[in-house]
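Numbering (my numbering), first residue to last: 355 to 614.
There could be a bad hint or two in this list.
[Stated by the list, open to error] Label-pair ranges, simulated between beta-carbon atoms: (1) Ala-583 x Val-547: 34 to 40 Å; (2) Gly-525 x Asn-567: 23 to 29 Å; (3) Ala-362 x Asp-475: 17 to 23 Å; (4) Pro-405 x Ala-448: 24 to 30 Å; (5) Gly-525 x Tyr-471: 49 to 55 Å; (6) Arg-436 x Ala-583: 44 to 50 Å; (7) Asn-539 x Trp-593: 31 to 37 Å; (8) Leu-480 x Asp-437: 21 to 27 Å; (9) Ala-590 x Asn-368: 30 to 36 Å; (10) Leu-359 x Met-510: 22 to 28 Å.
Just so you know, these hints were derived from the structure itself, not from any lab. We treat Cβ as the ideally placed atom computed from N, Cα and C, and that holds for glycine.
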Amino acid sequence: ISGQLNLAHAKLTNPAGPVLDLEDAAAKHLFLPAQVVCPQGAAKTTRCAVPAHQITLSGLAYTSIHAVEWHEWLHLIIHHTRDYRPQPYHQLAAALRAGGHESAAREVLMAQQRDLYRRGDVGGRLSKGAHWLWGALAGYGYRSSRAVVALLLVLMIAAGLGIAAGHTTLGPGRYATAHTSQALNPRSPCSLVEQIGVGIDRSVPLAPARIGNRCDFDTSSPAGEAFTASTWVLQALVWTLATLAIAGYLGLIRKSNASG
Numbered sequence: 355i356s357g358q359l360n361l362a363h364a365k366l367t368n369p370a371g372p373v374l375d376l377e378d379a380a381a382k383h384l385f386l387p388a389q390v391v392c393p394q395g396a397a398k399t400t401r402c403a404v405p406a407h408q409i410t411l412s413g414l415a416y417t418s419i420h421a422v423e424w425h426e427w428l429h430l431i432i433h434h435t436r437d438y439r440p441q442p443y444h445q446l447a448a449a450l451r452a453g454g455h456e457s458a459a460r461e462v463l464m465a466q467q468r469d470l471y472r473r474g475d476v477g478g479r480l481s482k483g484a485h486w487l488w489g490a491l492a493g494y495g496y497r498s499s500r501a502v503v504a505l506l507l508v509l510m511i512a513a514g515l516g517i518a519a520g521h522t523t524l525g526p527g528r529y530a531t532a533h534t535s536q537a538l539n540p541r542s543p544c545s546l547v548e549q550i551g552v553g554i555d556r557s558v559p560l561a562p563a564r565i566g567n568r569c570d571f572d573t574s575s576p577a578g579e580a581f582t583a584s585t586w587v588l589q590a591l592v593w594t595l596a597t598l599a600i601a602g603y604l605g606l607i608r609k610s611n612a613s614g
């Protein structure tokens with residue numbers, strides 16, 4: 355259709371199948387109010403009161419949509435299509451970007467990844483777990499700031515770990531962090547700054563503070579070993595978060611260059 359497809363006043367019923375089949379259709383301007391398909395809850399993307407009203411949107415191409423808000427159209431894609439297809443999401447995101455709504459386009463593409471997790475084929479349990487973690491920590495590459503904030507929280511936890519170790523007594527005058535043999539007073543308590551430095555130095559391999567040369571965990575004790583093991587967990591988190599943040603920002607740069 356070279357002009358517009360206007361279904362604003364349509365009444366759709368089909369007890370045996372989809373109420374509307376727009377597979378591989380094309381229209382320059384599409385008028386389809388969400389209420390034509392879903393009279394209840396069309397503005398909600400989390401659930402739907404009448405999911406039985408199904409439509410087919412795979413392959414549908416349009417320049418712009420009218421008489422419907424983008425989040426209502428997203429509701430139709432999520433709750434009123436039979437199975438997961440990426441094309442309807444990409445088409446909606448492209449139309450939003452063409453109209454200058456970059457933030458809304460990112461919301462649509464994040465919704466696509468959530469639908470892929472829910473109805474698509476992500477893979478086995480490990481792949482689904484990684485996909486969920488990618489979404490929770492980096493918004494599937496569209497909210498990389500989440501990974502940066504989480505990285506800052508890990509830094510605070512690492513500093514707190516060093517302080518906790520510096521206040522964990524092992525005996526008279528002994529603590530889970532102590533000066534090493536390279537310090538002026540071996541086995542003496544570390545200062546507060548040194549305790550923070552030990553926690554960050556051992557937990558964040560990206561920017562070592564080099565405190566370990568004069569102050570470190572006392573691994574001759576069970577408490578020191580436990581604190582050391584905790585830093586290994588934080589190291590794994592740091593590498594994961596840093597990778598997600600970098601990958602997310604590089605992905606956004608590529609997407610911006612492609613759309614520009």
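Now for the hints, and whether the structure bears them out:
1. Between Ala-583 and Val-547 the beta carbons are some 24 Å apart, a value that contradicts the proposed interval 34 to 40 Å.
2. Between Gly-525 and Asn-567 the Cβ separation comes to about 24 Å, which falls inside the hinted range of 23 to 29 Å.
3. Judged by the Cβ atoms, the range 17 to 23 Å given for Ala-362 and Asp-475 is violated: they are separated by roughly 36 Å.
4. Here the CB-CB span from Pro-405 to Ala-448 is close to 26 Å, well matched to the stated 24 to 30 Å.
5. Under the hint 49 to 55 Å, the C-beta atoms of Gly-525 and Tyr-471, about 51 Å apart, fit the expected range.
6. For Arg-436 paired with Ala-583, a C-beta distance near 49 Å keeps the hint of 44 to 50 Å intact.
7. At roughly 35 Å, the beta-carbon separation of Asn-539 and Trp-593 lies within the given 31 to 37 Å, and the hint holds.
8. In this structure the supplied range 21 to 27 Å holds for Leu-480 paired with Asp-437, their Cβ-Cβ distance being about 23 Å.
9. Restraint check, Ala-590 to Asn-368: a C-beta distance of roughly 52 Å breaks the suggested window 30 to 36 Å.
10. The given range of 22 to 28 Å is broken by Leu-359 and Met-510, whose C-beta atoms sit roughly 54 Å from each other.
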